[in-house]
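Novice: Line by line, the protein sequences give chains A and B.
Count along the first sequence starting at 1, add 124, and that's the number in my numbering.
Count along the second sequence starting at 1, add 165, and that's the number in my numbering.
Just so you know, these hints were derived from the structure itself, not from any lab.
Please note: incorrect hints may appear among the correct ones.
What the hints assert, rightly or not - With a straight-line cut-off of 30 Å between C-alpha atoms, the simulated DSS-like cross-links for lysine-lysine are:
1) Lys211/A <-> Lys191/B
2) Lys191/B <-> Lys245/B
3) Lys163/A <-> Lys217/A
4) Lys245/B <-> Lys150/A
5) Lys163/A <-> Lys150/A
6) Lys191/B <-> Lys219/A
7) Lys217/A <-> Lys191/B
8) Lys150/A <-> Lys211/A
9) Lys150/A <-> Lys191/B
10) Lys150/A <-> Lys219/A
11) Lys163/A <-> Lys191/B
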Amino acid sequence: MLDYILAALVLIGAVFTLVGSIGLLKLPDFFMRLHGPTKATTLGVGAILVASALYFSLATEQISTHEILVTLFLFITAPVSAHLMAKAALHLKIKQVERTQNKR
Amino acid sequence: MLMTVLPFAFALVSLALLLSFVRLVKGPDVPDRILALDTLYINAIALLILLGLYLGSSLYFEAALLIAVMGFVGTVALSKYLLRGDIME
Numbered sequence: 125m126l127d128y129i130l131a132a133l134v135l136i137g138a139v140f141t142l143v144g145s146i147g148l149l150k151l152p153d154f155f156m157r158l159h160g161p162t163k164a165t166t167l168g169v170g171a172i173l174v175a176s177a178l179y180f181s182l183a184t185e186q187i188s189t190h191e192i193l194v195t196l197f198l199f200i201t202a203p204v205s206a207h208l209m210a211k212a213a214l215h216l217k218i219k220q221v222e223r224t225q226n227k228r
Numbered sequence: 166m167l168m169t170v171l172p173f174a175f176a177l178v179s180l181a182l183l184l185s186f187v188r189l190v191k192g193p194d195v196p197d198r199i200l201a202l203d204t205l206y207i208n209a210i211a212l213l214i215l216l217g218l219y220l221g222s223s224l225y226f227e228a229a230l231l232i233a234v235m236g237f238v239g240t241v242a243l244s245k246y247l248l249r250g251d252i253m254e
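Generate the whole structure from the sequences, applying the supplied hints.
Specialist: What follows is the structure, given as structure tokens:
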């Protein structure tokens, strides 16, 4: 049973990582593209890390905390780096498509 | 079940890595390239953790944590450079 849960978590994580990269490649302008990889950071890597935390906690019979550290770090730093990249893009006044919300 | 699913997960994450690399090469502006690098290192972390699961070794988490720290520092430094024309003033 647990094996199936682990497999599902790994697959969900991999699919969301792929979806984030497809969004990065396909969306029309930078401010929309910024939206894609957030799925890869939170859901994608998050699900894979939860799967590996469960797996190693059961395999070694002691609670595995490395993964929690990586998750925590990514969850704290992802908004900061997204904010800085958006600020840099606004500063450089890069092109926006007509559909971008709050267009300047 | 986990061992049969893992190769598919490897394929999906590797494809994601490839797609973000395409954006890194193609990206019309500099922030696009920084964003592609950011995505690239996040995908690399996912791939390393999958490898750790596959080989049953917890040694790969140290590498993943190191990539996370260094990638964040790199993204911040590059964005600061674009904003200010200088990293530390």
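Novice: Next, verify each hint and record whether it holds.
Specialist: Hint by hint, here is what the structure shows:
| no. | hint | verdict |
| --- | --- | --- |
| 1 | Lys211/A <-> Lys191/B | holds, 21 Å |
| 2 | Lys191/B <-> Lys245/B | holds, 22 Å |
| 3 | Lys163/A <-> Lys217/A | holds, 25 Å |
| 4 | Lys245/B <-> Lys150/A | holds, 26 Å |
| 5 | Lys163/A <-> Lys150/A | holds, 15 Å |
| 6 | Lys191/B <-> Lys219/A | holds, 15 Å |
| 7 | Lys217/A <-> Lys191/B | holds, 19 Å |
| 8 | Lys150/A <-> Lys211/A | holds, 22 Å |
| 9 | Lys150/A <-> Lys191/B | holds, 12 Å |
| 10 | Lys150/A <-> Lys219/A | holds, 16 Å |
| 11 | Lys163/A <-> Lys191/B | holds, 22 Å |
In summary, this structure violates none of the numbered hints.
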